[in-house]
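S.K.: Residues per chain, in single letters:
There are 4 protein chains.
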Amino acid sequence: MNFRGVYSVLPTPFCASGSIDVPSLRRVIDLYLKAGVDGLTALGVTSEVARLQDAERDRVLDAVLSHVNGRAPVVAGTSAEGLLNCIDYSRRAKSAGASAVMVSPPRMPKLNSGAVLSHYLDLASAVDTEIVIQDYPPVSGYTVEPALLGHIAREIPRARTIKLEDPPTPLKTSRIIQACEGFEVSVLGGLGGMYALEDLIAGASGVMTGFAYPEMLVEVVRAFRSGEVGTAADAFYRYVPLMRFEFQQGIGIALRKEILRRRGAITEPVTRSPSVQLDRSTMVALDRLLDWLRATQGVKWISS
Amino acid sequence: MNFRGVYSVLPTPFCASGSIDVPSLRRVIDLYLKAGVDGLTALGVTSEVARLQDAERDRVLDAVLSHVNGRAPVVAGTSAEGLLNCIDYSRRAKSAGASAVMVSPPRMPKLNSGAVLSHYLDLASAVDTEIVIQDYPPVSGYTVEPALLGHIAREIPRARTIKLEDPPTPLKTSRIIQACEGFEVSVLGGLGGMYALEDLIAGASGVMTGFAYPEMLVEVVRAFRSGEVGTAADAFYRYVPLMRFEFQQGIGIALRKEILRRRGAITEPVTRSPSVQLDRSTMVALDRLLDWLRATQGVKWISS
Amino acid sequence: MNFRGVYSVLPTPFCASGSIDVPSLRRVIDLYLKAGVDGLTALGVTSEVARLQDAERDRVLDAVLSHVNGRAPVVAGTSAEGLLNCIDYSRRAKSAGASAVMVSPPRMPKLNSGAVLSHYLDLASAVDTEIVIQDYPPVSGYTVEPALLGHIAREIPRARTIKLEDPPTPLKTSRIIQACEGFEVSVLGGLGGMYALEDLIAGASGVMTGFAYPEMLVEVVRAFRSGEVGTAADAFYRYVPLMRFEFQQGIGIALRKEILRRRGAITEPVTRSPSVQLDRSTMVALDRLLDWLRATQGVKWISS
Amino acid sequence: MNFRGVYSVLPTPFCASGSIDVPSLRRVIDLYLKAGVDGLTALGVTSEVARLQDAERDRVLDAVLSHVNGRAPVVAGTSAEGLLNCIDYSRRAKSAGASAVMVSPPRMPKLNSGAVLSHYLDLASAVDTEIVIQDYPPVSGYTVEPALLGHIAREIPRARTIKLEDPPTPLKTSRIIQACEGFEVSVLGGLGGMYALEDLIAGASGVMTGFAYPEMLVEVVRAFRSGEVGTAADAFYRYVPLMRFEFQQGIGIALRKEILRRRGAITEPVTRSPSVQLDRSTMVALDRLLDWLRATQGVKWISS
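Chains as they are written, first to last, in the working numbering: chain A, 1 to 304; chain B, 1 to 304; chain C, 1 to 304; chain D, 1 to 304.
No wet-lab data here; the hints were simulated from the structure. Keep in mind that the hints are not guaranteed to be accurate.
Note that identical chains are pooled: a pair holds if it fits in a single copy or bridges any two copies.
As the list claims (entries may be wrong) - EDC-like, lysine to aspartate or glutamate: derived pairs with alpha carbons at most 20 angstroms apart:
1. Lys34 x Glu155
2. Lys300 x Glu184
3. Lys300 x Glu181
4. Lys110 x Asp279
5. Lys94 x Asp128
6. Lys300 x Asp234
7. Lys110 x Glu145
8. Lys300 x Glu219
9. Lys34 x Glu184
10. Lys34 x Asp287
11. Lys34 x Glu228
12. Lys300 x Asp88
13. Lys94 x Asp38
14. Lys300 x Asp287
15. Lys300 x Glu215
16. Lys34 x Glu215
17. Lys34 x Asp54
18. Lys94 x Glu268
19. Lys300 x Asp122
For clarity, every value in this text was computed on a predicted model and none was experimentally measured.
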């Protein structure tokens, strides 16, 4: 089983006090599911998972899985610096009902390709679950080359989905598929959807990101996968200015939460400290872009 | 004197053999000047300056300045790991007729803010020329904080233009302007123009990048600076899918050269090794995007 | 209150199964205290804290504090990517009886000096405890310049101890002391003790590291601090070949545990995965070095 | 032909004005040759090669080769970001009479193992010279894994010497030798000689570094290679406190030049800007260490 289509990474909404805001989380889930996404991802990088305590991870996962309640598969991020933690997180994810775990190479000095392979082999033999490999070098500090992704996928049939965030992702998608000749892998582009169309053209099976207008990703990916490439492209080019805007380093999560607040899903658009406040110029720029989409691009359901 | 408007960073065209292709360079200059840019930049990062020998730097600079022949100001990249080299490059640039030099913090282990300030102070007292500060952390390995940019600009009135490539650039633009209260600085956004509109909204004075359709940047920046923000934004949102596509890590320069080849300016779209060949998927994606711009966005002058 | 003298960072011993080995931890504590160290540090980087779950952190801290039982002050590492986690860990440390918390700048992209200052200010107003600032750039991804350390120390009188691991530490020690003119700070050198003597000469107040022969550090630091610089230096130069050997990137913790096993403190010299096995050559080299210390340097208490 | 024994990396002495001081360079060469080293390396990282202009590189190389005049083999650093530059530098080195070139992987974003292999293959087919592979990740930004070193060495018989500076070097030495089963490679440890003995125990063939007392390295390596391991070790342990002291990040080159000044070889101990001045504490610590070596370790030829 590989994962295909649109997977939305869930943000973790917080109250003004900083505690987890479960009602907002539920509304976000409903918003994404209503948009028609193929699956959800919890406890990802943009879920601010690095700022959650272990008990909070459990609370988020339980809240997500009980609210989704089988309406869509849920992938749970379980990356950890240590193998035991990764295994433990993965077991909890499986018990909670997750359909797969998503795991980056462990962050450590002097990591090498042998240790990365071992990490995934050890995880796979400890926990009987699907594994999504996340290749996001700035976060893990390690770039997984196509040959190593191919090696992992060959050794572990349950690890044949890759969340790819190592640009240029379209080119790397082609190379991964070449490195996996003889069996099928699924590449899901990340990076806020910024190269979703080009990833698909290169052979990706979908996109996994937390972009706050999943409707746009669904429209693009569905059209593409049903062969209407022109329709997919036309939609993508009109939407990508917003994907690009949301995917700004350092403020991307805050922007996403602000949009989800405007869409009625999140009560407080706060991120956990240390964090950057969105300044007035950024808000003005966001307003202008949403106005443009609504007024001139016929995206009537865009909220102001 | 600060620098404003659109400055185009010139690629360095090469023959198939790898040697510098001066006729192509001249055609690129003409293309940019015909597009109405306010100035040109030679020997920048995307000019593959790190792969030129010292004698080749001189050849490029001479070719650029003699061909421009006063039609526009030329900024010359003169960053170097050592101060003496930076001074020497800057003197040559000044002698050759450049209007300013562009300098990053020197790449070195254990760099600190005091050493960065000294580097610019020493350069400024050695060479009587305008200095553009380039803030591009992945290249220099050092992030120049707004307070330090303000400090440099206060101490060196000739160093009040900043080429900003540290995202999120719109937010940092606001902060730099705050840190420079009491005197005027000019911030020029880089990053392939990907955030040009948002940079302008935040107070930037223009854009400095090598995007292969300078006409688009000129249209956006001119409209914005003459107060027609809506016109600027509308143009920008239609063009930014292409800016985003061109600005792909690892293949951006190759894509730019390929587009300039299609526009008749560059004979061979080769970059110096080690380099990445554009694969078929990337070419298909480029074709589709240019077709869309031409067919549906009314950009009639887009070449196929 | 500043911290001075020798602080030993405790490793976290594990059973072969990977679970925490509390009896070994107690023996390590006794070994360090018997050596005469001035204090202990739990949950530091070399305690493999990044591979502990939250519940395990609590278990380790409780085990340490109950076994130390007031015999020496205990510093607890409470660094976290998020402020709330850092505060929560720090509160637990204080409740458990720790004398101070040790905190690095939070690891995050786009961190800046203002955010680092805020992190410490917010922590200090949330938890009434002494704070040791850890300056270890490879781990936190951020270098704290002397001016910022001075700024933090000036604003937060409870944050005037610095664990310094940004080489060259002797030179930086001098600069920190200059940046803190008008009040007293305590600099404790880290880096396995490799520059302990030179740090002391530059004005450091001691050393905080996990070197497996704390007796050596105690001998050096005591002699130095009582004015017998020649005695301190002579001892240091004889011992530093071993400090250097132990402090090898990627295998330092494994070497430390192997030595503590030989000293009878740790049952299994295992580190948590992903980990590197000590190879035969490394073992041979260790044997030779310990033999040399015992046979020719008169270090009779060195175990074989 | 592989390279074995002690290769000393030559510093580039400068006059107070910053220009190259050829008479000092000649005296340094004589000092190293008199010490009995097996070869010399020019234009290495610690030769401040990154701060030399192309014409200065030629001057240094000519000065070195004409002064050495066949008394020992000379390796020339020819690393460059671009392949053409690397080839050109290597041709000049060969013409000038160098016995080998030393080349790091090219510094570039998104480098991968295939591009590294191609870089060496292309170099080897363009220039018929011995190639020393330098594996120094902080400088090149890329870690060459043992398998890739083995692959390169297998494909290019002229590239079977590795200057290894990726710690832990002893462990990596063992792994490289394993990865090169079936043919002979020579590993030369770098890192200021700090792990020279352990590298030799692991199978290294020598050391290549710029340590200012080459006599010490010669004594250690000769004893070891003639089977007197105990003698080698005893000497090494007494000398390594100084190697460790000299090899401080950020000030190592300045310290080396200061020692060579004291030894009468270098007139002005200046490094090119941006540079760090050695402070008083560092000088005091150096004096003390040299005194200890002279007074108590019987190193009579140590200069004060």
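S.K.: Each hint needs a verdict: does it hold in this structure or not?
M.R.: Hint by hint, here is what the structure shows:
1. With identical chains, the CA atoms of Lys34 and Glu155 are never at most 20 angstroms apart, being 37 angstroms at best within one copy and 50 angstroms at best between copies.
2. In the homo-oligomer, the alpha carbons of Lys300 and Glu184 never lie at most 20 angstroms apart, since the shortest distance is 39 angstroms inside one protomer and 42 angstroms across protomers.
3. Within a single copy, Lys300 and Glu181 get their C-alpha atoms no closer than 43 angstroms, and across copies no closer than 42 angstroms, so neither meets the 20 angstroms cut-off.
4. Taking CA atoms no more than 20 angstroms apart as the test, Lys110 paired with Asp279 passes between copies only; the shortest distance there is 16 angstroms, against 39 angstroms inside one copy.
5. For the identical chains of this complex, Lys94 and Asp128 are intra-copy neighbours only, at 8 angstroms inside a copy versus 40 angstroms across copies, given an alpha-carbon limit of 20 angstroms.
6. Taking CA atoms no more than 20 angstroms apart as the test, Lys300 paired with Asp234 passes in both settings, with 17 angstroms inside one copy and 17 angstroms between copies.
7. Proximity of Lys110 and Glu145 under a CA criterion of 20 angstroms is satisfied in both settings, with 16 angstroms inside one chain copy and 10 angstroms between copies.
8. In this homomeric assembly, Lys300 and Glu219 come within 20 angstroms of each other (Cα to Cα) only inside a single copy, at 14 angstroms, whereas the closest approach across copies is 28 angstroms.
9. Taking the shortest Cα distances, Lys34 and Glu184 never come within 20 angstroms of each other, neither inside one copy (29 angstroms) nor across copies (50 angstroms).
10. Taking the closest pair of Cα atoms, Lys34 and Asp287 never come within 20 angstroms of each other, the shortest separation being 24 angstroms inside a single copy and 34 angstroms across copies.
11. For the identical chains of this complex, Lys34 and Glu228 are neighbours neither inside a copy (23 angstroms) nor across copies (38 angstroms), given an alpha-carbon limit of 20 angstroms.
12. In this assembly of identical chains, Lys300 and Asp88 lie within 20 angstroms of each other by CA distance neither inside one copy nor across copies; the values are 45 angstroms within and 45 angstroms between.
13. In this assembly of identical chains, the alpha carbons of Lys94 and Asp38 lie at most 20 angstroms apart only when taken from the same copy (19 angstroms versus 46 angstroms across copies).
14. For the homomeric pair Lys300 and Asp287, the shortest alpha-carbon distance inside one copy (15 angstroms) is at most 20 angstroms, but the shortest distance between copies (29 angstroms) is not.
15. Taking the shortest alpha-carbon separations for Lys300 and Glu215, only the intra-copy value of 12 angstroms comes in at or below 20 angstroms, while the best inter-copy value is 31 angstroms.
16. Proximity of Lys34 and Glu215 under a CA criterion of 20 angstroms is satisfied intra-copy only: 9 angstroms inside one chain copy versus 41 angstroms between copies.
17. Proximity of Lys34 and Asp54 under a CA criterion of 20 angstroms is satisfied in neither setting, with 30 angstroms inside one chain copy and 36 angstroms between copies.
18. Taking the shortest Cα distances, Lys94 and Glu268 never come within 20 angstroms of each other, neither inside one copy (30 angstroms) nor across copies (31 angstroms).
19. For the identical chains of this complex, Lys300 and Asp122 are neighbours neither inside a copy (49 angstroms) nor across copies (43 angstroms), given an alpha-carbon limit of 20 angstroms.
Of the hints listed earlier, those the structure fails to meet are numbers 1, 2, 3, 9, 10, 11, 12, 17, 18, 19, in rising order.
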